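Mind assembling these two chains? They're in different frames, but the hints should get you there.
For the record, the sequence lines run as chains A and B.
As numbered in the numbering used here, residues 1 to 335 make up the first sequence, in order.
As numbered in the numbering used here, residues 336 to 566 make up the second sequence, in order.
Rather than coming from a laboratory, the hints here were simulated on the basis of the structure.
None of these values were measured; they are calculated from a predicted model.
Do not rely on the hints blindly, as some may be mistaken.
Claimed, not checked - No farther apart than 25 Å at their CA atoms in a straight line, the calculated lysine-lysine pairs in the DSS-like style are these:
no., chain 1, residue 1, chain 2, residue 2
1, A, 311, A, 293
2, B, 483, A, 113
3, A, 79, B, 483
4, B, 563, A, 114
5, A, 101, B, 483
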Amino acid sequence: MIQIEGLSKTFRTSDGAVEALKNVSLTVNDGDIYGIIGMSGAGKSTLVRCINLLERPTEGTVRIDGQDLCALSEVELRKVRREVTMIFQSFNLLAQRTCLKNICFPLELIGTKKAAAEARARELLELVGLPDKADAYPSQLSGGQKQRIAIARALATDPKVLLCDEATSALDPKTTHDILSLLRELHDKLGLTIILITHQMSVVEEICTRVAILDNGSVVEEGPVETVFSAPKSDAAKRLVFPDGYEELPESDEKKRRIRVVFRGASSATAPLIARMAMEEGILANILAASIKSISGKEYGSMVLEVSDAKECARALAYLAKEPELIAEEVSIHA
Amino acid sequence: MPELLMEPISETWRIVASEFPFAIWETLYATVLATGLAIVLGLPLGVLLVAGEQDGVLPLPKWLMSALNIVINILRSVPFIILMVLVIPLTRLLVGKAYGTMASVVPLVIAAFPFIARLVESSLREVDPNLIEMARSMGATPFQIITKVMLRESVPSLISNFTIAITTILGYTAMSGAVGGGGLGKLAITYGYNRYMNGVMTVAVILLVVLVQVFQMIGTKTAVKNDKRQR
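Chain B on its own, in the form it takes in the complex (with noise of 0.2 Å):
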């Protein structure tokens, strides 16, 4: 078993005060940039997989969801670490490179936007349908049935739905970091596991950790902050 090593704290701190900074940076907009893409592709299709049912508010063809559902469960099940090499091509096409910070966003929104879509259909699973049956009798369109009512009166848990989404993003970007993905994955890899600086490897781990916190933190807040069912 290897003696664990540690290499001396001023070269730590010289390489934390280095290239952290920048690291975090790019940790984040990973995050943000990849959630946001996937929210934007997954909210809608999130909100065809409970309205295009055959009792939803704009069925669609049984085929259609047939086949919806099957492409999100493909791509659910690939291992991220597969998938991020499996994109390197559609990568390349999008960004023009297969490594650094903003190709690493192609294969997250990719890994991210079905499971969103299937966090989007849980929330709106969760509107009473006597809502629904209430807007249909005041003679609400299939549109103002979904903005109005459906996503309206899940906003609370869709924000919630989003705090999960956004953390396990922020995972996938450090697991990025293995296969030419920038950020703190790359610096715990890099310095920790392949130069063996734990010192290094504890504060990527540990800034991590708390960027979670934080996401999970504010996530939490304004859910409860949005939410007038009780008080």
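Bound-form chain A, shown alone (with noise of 0.2 Å):
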């Protein structure tokens, strides 16, 4: 379990004292998907890098399993450093090094005997799916493939937390959903606990069980997923759930109730949903906001509905209930 308390963090620049991070309390249990999403500039990448220390806190704690780390010394720091790993939005690879010799790079580091690192290294190359590439440069790869071959590294010492900064932030959406199965697969095999930093709602739609939003440095709201972006109260998650910008939207009287259906994986087939709806049910809904990506034939994103009364939303609700990979929820922006 990892837990953060009163967490902030003030950088000193020629510019005067800049806040990233302002009493940030968060915690994660052992097995999460944790999220943390917030807009470039709001503090996600320093306190991803707080979890590990990179960046020391200015004032507050981070306790792993009940182990406060600002406590700890540099010494102590580097064994942590072991259980909680982390992948990068550029990868970070070792350019003069092979694949097999990168994923070696934190055994070495530990002083493992050169034969049971390429031995534990081929094994993770198996696990991510490029047993092939053991003896390629990372200018050879792709994208993905490089971010793969990260993974591998950043699991090689065994770790009981990754951390994930912007790790699919430099793909395409299609590969960013390969490695976003990849994390949640590993997750489900090692019993990993993830947390996930980004500014792109699909991927914290796509995998995330519990989330974060980080606006200017401080937690503006926190929980399940699902709870989160149905009852949106901040501005900043308001933002998030209505991407095209929730003050454009059109003023609606008090009647009127609008559903906010995610896509995680439904498949295109059945598709058109919307026209499906108002001929079979006779549910004439007025599409507020989308943003939906179909990757492989299957559709992942969110899509916010408004319907003309409470009735008719109970109705398309029970009526969406039964289309599968697919969750529809009232959202409540006035509340």
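Quick look at the structure:
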């Protein structure tokens, strides 16, 4: 379990102090896939770096399984960093080493024998689906393959927690989906706790169980993904739910109800959903916002619908509940 | 204007055959030895210049960093020909005499190691800071970051820069011929400049050019061969 309490981080720059994080408190339970989402500059990267103490918090504590990291010496911290490893947006593979040697890197650091390290690295190559890339150099790989090697490297020391710093932000939607599937698979297989920093709503919707929304250095909302996004309270959360800007939404009267539909891999073949709902049930829904991606014939993303009243809303929710790989909930933004 | 003098070809050939093999050996010997020793001193210094910065992997006191930089700049700004004369007492102390090829290695090393430190510094600065952060996140010690990431990742760049260094030092060995050093430079000056034997001087210069070409070619090939970034 990771407990962050009252965490603040202030950077001293030539232009004065910059408060990157303000009094952040979070709890990540073992086995969570925890998303931390926010716009660029919200403090996400600083927050993730405080979890393995690459950045030392100005105030507050970070505890992993009850152990206060801020109280540890550099030597003890290095041990913690074998348990809490990290992958990055830019992959950060060593360009002058083969993939196999890249995966061996963390093992080399702790003095693992060469043969044992290489055997472990080959196992991990298998695990991430690239057994034939042992002798390839990073420059010969695609972005998705590079991230797989980086994941294998991060797993070499058998960590409990994997920190993902915008790990899919440099990848196209299809590759992003593949990497997220791999992360979920590893989570299930290895019982890994994953903390995922992203600015992409689709990433959180696809794999996270809990989410914290970070805005301007503070956590503005936190909870299970469905709960947070079905009743967004903060401006930051509303901006994420209505990607085109909730301020732009047409004024609605009190009677109208809004429904958020999250596509988590619904087959494209089941579309056109809205038209079907109108024809089969006579429910007329207005699409207020939509951000849907089709990846390998499956739909990912979300949509916000508006229906005329509470009764229609209940009918629509009942209809949508029958669809597989899809979550529909009423959104209450006026609450 | 003095008329261009040219000794008889037979005379040129006689001197080339009798004196050049040893002179080439002396030049190579002084160049390689001086470069090697200068790398031994300059490489760790270059590492300190990068790693010792306030946000580096091994922060050193600010005053020490300033002192290092000032000393390097001073050594680098003294013209080589003056430096050779200035270090004569040190040369005597280390080698026992102030003339000859071995003696010329002392000023060569003193002139070259601050230069190499700067070259190493620039190579190491090219290393992506994200890689250093990655290594820290995996629990690497500062020493491991320096050896396994900073130095290892900049090997191609270091080879290119050491090639620049060795060709520059080769040029310096020729200059050291003016004040008692041996080698091709000495022959070019004693025969060509002092005795107007332009044939001998031309051969010496051509040989120096060939040596530079060979060093540069080997260096470039090795650097490219060792670079796994793109193929």
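Consistency of the hints with the structure:
no.: 1; hint: A/311 <-> A/293; result: 30 Å, violated
no.: 2; hint: B/483 <-> A/113; result: 16 Å, holds
no.: 3; hint: A/79 <-> B/483; result: 19 Å, holds
no.: 4; hint: B/563 <-> A/114; result: 22 Å, holds
no.: 5; hint: A/101 <-> B/483; result: 11 Å, holds
In summary, the structure is inconsistent with hint 1 from the numbered list given earlier, while agreeing with all the others.
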